[in-house]
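Asker: Sequence:
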Amino acid sequence: MKSYIVSGIIAIALLMTACSDKPVVPEQLPAPVKTFIQQQYPGGAITFAQKDLELTGWKYEVFMADGTHIEFDTDDTWDKIEGSMTNPVPTALIPAPIVTHLQANYPDAMILKIDKERNGYEIELANGLELKYNKQGALMEMDD
Numbered sequence: 082m083k084s085y086i087v088s089g090i091i092a093i094a095l096l097m098t099a100c101s102d103k104p105v106v107p108e109q110l111p112a113p114v115k116t117f118i119q120q121q122y123p124g125g126a127i128t129f130a131q132k133d134l135e136l137t138g139w140k141y142e143v144f145m146a147d148g149t150h151i152e153f154d155t156d157d158t159w160d161k162i163e164g165s166m167t168n169p170v171p172t173a174l175i176p177a178p179i180v181t182h183l184q185a186n187y188p189d190a191m192i193l194k195i196d197k198e199r200n201g202y203e204i205e206l207a208n209g210l211e212l213k214y215n216k217q218g219a220l221m222e223m224d225d
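Remember, this note's numbering sits 81 above the position in the sequence shown when you count from 1.
The set of hints was computed from the structure by calculation and includes no laboratory data. Built from N, CA and C at the ideal position, the CB exists for glycine as well. There's no promise every hint is true.
Stated by the list, open to error - Within a straight-line C-alpha distance of at most 20 Å, the following computed PhoX-like cross-link-like pairs (lysine-lysine) qualify:
| # | residue 1 | residue 2 |
| --- | --- | --- |
| 1 | LYS197 | LYS216 |
| 2 | LYS140 | LYS103 |
| 3 | LYS161 | LYS140 |
| 4 | LYS115 | LYS103 |
| 5 | LYS197 | LYS161 |
| 6 | LYS103 | LYS161 |
| 7 | LYS161 | LYS213 |
What the hints assert, rightly or not - Quick list of the computed label-pair ranges, beta carbon to beta carbon:
| # | residue 1 | residue 2 | range |
| --- | --- | --- | --- |
| 8 | LYS216 | THR155 | 16 to 22 Å |
| 9 | THR116 | SER165 | 19 to 25 Å |
| 10 | VAL106 | SER165 | 22 to 28 Å |
| 11 | GLN131 | GLU222 | 28 to 34 Å |
| 12 | PRO176 | GLY209 | 33 to 39 Å |
| 13 | THR181 | PRO107 | 31 to 37 Å |
| 14 | LEU174 | ARG199 | 17 to 23 Å |
| 15 | MET166 | LYS216 | 27 to 33 Å |
| 16 | PRO107 | LYS161 | 14 to 20 Å |
Model the full structure from these sequences, guided by the hints.
Answerer: Set out below in structure tokens:
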């Protein structure tokens, strides 16, 4: 009996792997994803989008013409944003306590990446610093 269960789990995993990373046209993105992009990157062009099947549902990745890469979780909210030197991550997307800390300690540093993690956020600055904050916005770790 156990071998049937294990075989079933392996078959499901293989099926999910075969279905993952499917390109989608921007019109096929979920409404919350499209709304987010329109609000945060007005006039921005999507050059490529894909969806990936996870155990909990579909995840989406969007690549913008300006070099921005956005990953959306299965609930269609952003999970990770990677900007560039010419298009940093908008501070409007970063929790206020983190923005306050960054402005006080690194006023000229651009934010190149933000990643939501289980216990908070990871921020990468253009000066090479990687900062980890808890959900309340308190700095927990720094790496250069």
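Asker: Can you tell me whether the CB distance of PRO176 to GLY209 sits inside 33 to 39 Å?
Answerer: 22 Å, violated
Asker: Can you tell me whether the CB distance of LEU174 to ARG199 sits inside 17 to 23 Å?
Answerer: 19 Å, holds
Asker: Is 31 to 37 Å respected by the C-beta to C-beta distance linking THR181 and PRO107?
Answerer: 35 Å, holds
Asker: May I ask you to test the hint 14 to 20 Å on the CB atoms belonging to PRO107 and LYS161?
Answerer: 19 Å, holds
Asker: Quick one, are LYS161 and LYS140 close enough, alpha carbons at most 20 Å?
Answerer: 12 Å, holds
Asker: Does LYS115 pair with LYS103 here, judged by a C-alpha cut-off of 20 Å?
Answerer: 17 Å, holds
Asker: Quick one: are THR116 and SER165 within 19 to 25 Å, going by C-beta?
Answerer: Taking Cβ atoms as reference, THR116 and SER165 lie about 23 Å apart, which means the hint holds.
Asker: Starting from LYS140, check that the Cα of LYS103 is at most 20 Å away, please.
Answerer: Status holds; Cα separation ~10 Å.
Asker: Does the alpha-carbon distance linking LYS197 and LYS161 stay inside the 20 Å limit?
Answerer: Status holds; Cα separation ~6 Å.
Asker: Within 22 to 28 Å or not, the Cβ separation of VAL106 and SER165?
Answerer: 24 Å, holds
Asker: Quickly compare the C-alpha distance for LYS161 and LYS213 to 20 Å and report which way the hint goes.
Answerer: 14 Å, holds
Asker: If you check the beta carbons of GLN131 and GLU222, does the distance land in 28 to 34 Å?
Answerer: 31 Å Cβ-Cβ, so the 28 to 34 Å window holds.
Violation of the numbered hints given earlier is confined to hint 12; every other hint is satisfied by the structure.
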